[in-house]
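*Asks:* Line by line, the protein sequences are chains A and B. My numbering applies: residue 1 is where the first sequence begins, and numbers increase by one. My numbering applies: residue 196 is where the second sequence begins, and numbers increase by one.
For the record, the hints were derived by calculation from the structure and aren't laboratory data. Please read these numbers as outputs of a predicted model, since none were measured by experiment. All C-beta atoms in this analysis are idealised placements derived from N, C-alpha and C, irrespective of residue type, glycine included. Treat the hints loosely; a few may be bogus.
Computed spacing ranges between beta-carbons, pair by pair [said to hold, decoys possible]:
hint, chain 1, residue 1, chain 2, residue 2, range
1, B, 295, A, 192, 32 to 38 angstroms
2, B, 238, A, 30, 41 to 47 angstroms
3, A, 137, B, 220, 32 to 38 angstroms
4, B, 307, A, 139, 34 to 40 angstroms
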Amino acid sequence: MTDHDVREPTDLDARLRTGTARIDETRLRPALDELVTWARIGSTKPRITRLRLGVGIIAAVAVGSATAATAIGLNSTFPHNGRQPDAHWVYEASNGQTCDLWMRVDPDFELDPPATPADGATYLRSLVGRFDLADIDLTEALSEWLPAPNSSIGEAEGTALVMWMTHHLPDRLPDGRTPQVTIEGWVDCDAEPEE
Amino acid sequence: MTDRVADVLTAQGGRLLGFFINRLENADEAPDLLGDVFLIAWRRRRDLPADADQARMWLFGVARKVLANHRRGKGRRQALDARLREHLIACVEVDQFDGVAVRAAVRSLPPRLAELTRLVAWDGLTLEEAARHLGIPASTARSRYARARSLLGISLAIRT
């Protein structure tokens with residue numbers, strides 16, 4: 001080592017700092033906001049504690065074929081588009097929120113032979129009837145899905161419930177046909193309880 | 196309560212992300228570990244100290260345990276959404292030139308000295324806070340840090 005190589009003592013701190021990761025706090029902020037929402041909802045015990053069907057839940061539904069998919073609208077008014085929802089659920093989320101969940105099977109698909117509204121009603125009944133609500137654990141569905149920022153826990157769990165259902169659809173209709181459906185769900189909850 | 200937890204996590208998120216990146220060989224794993232810290236913090240939010248400095252130290256303690264679990268390969272990993280993971284990691288820059296040599300020099304220190312150096316030089320803890328974090332007397336931390344600086348000065352050709 002020569003004198004030329006020797007730096008002043010304060011250089012050590014400056015050089016040490018070059019070894020640390022530099023974080024762009026401004027860019028980081030939106031991602032942290034999302035992460036906070038993710039942690040808040042993911043930290044709950046996501047189990048729907050009470051679920052009952054609304055009155056007249058299954059209306060006439062048209063059923064056809066399409067790739068299974070789910071469209072979720074949080075805090076949105078149910079877009080009737082001339083149709084009523086096919087199912088209306090009321091549930092109590094793990095934090096005590098009471099929520100409404102409307103579901104609809106997408107009618108814009110076809111089967112061979114073409115499905116009838118009665119097929120859709122049968123399908124939804126078979127879907128609902130196969131679930132033991134006490135066994136529904138939404139942990140996996142929630143871990144696969146990033147909730148929208150500012151979602152309440154009830155909204156997140158309701159959305160996860162719809163996702164859970166799409167993952168557990170019956171493989172066959174009662175008549176043996178393979179259902180390929182799109183299920184849409186809308187969630188609306190009362191205010192979150194104060195901690 | 197929930198707003199305060201969110202505020203603390205948001206305020207400390209950058210430092211905690213840096214805590215992991217400075218210690219992991221694969222920085223891409225840091226967002227998942229940060230997610231684990233956030234989850235634990237939210238589950239245990241009633242234990243989060245009210246004092247801001249103590250809350251920061253509490254979170255660093257959680258991060259240390261999360262990292263230890265990760266290294267043992269037993270940590271429960273919560274896979275973050277890929278988009279969020281990319282978003283988080285995109286905010287990080289590690290010096291690719293001089294910084295590489297410095298990181299190598301810190302890594303080459305005895306582990307007790309290396310971790311103390313990371314806490315003080317990179318994570319912004321005081322020597323007293325670092326001592327508390329590591330569970331050692333402050334006097335021990337001071338002597339170890341002096342030793343670490345001396346060794347770093349030699350390996351980086353800097354007079355200390």
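*Asks:* Just pull the numbers of the violated hints for me, sorted ascending.
*Replies:* 1, 2
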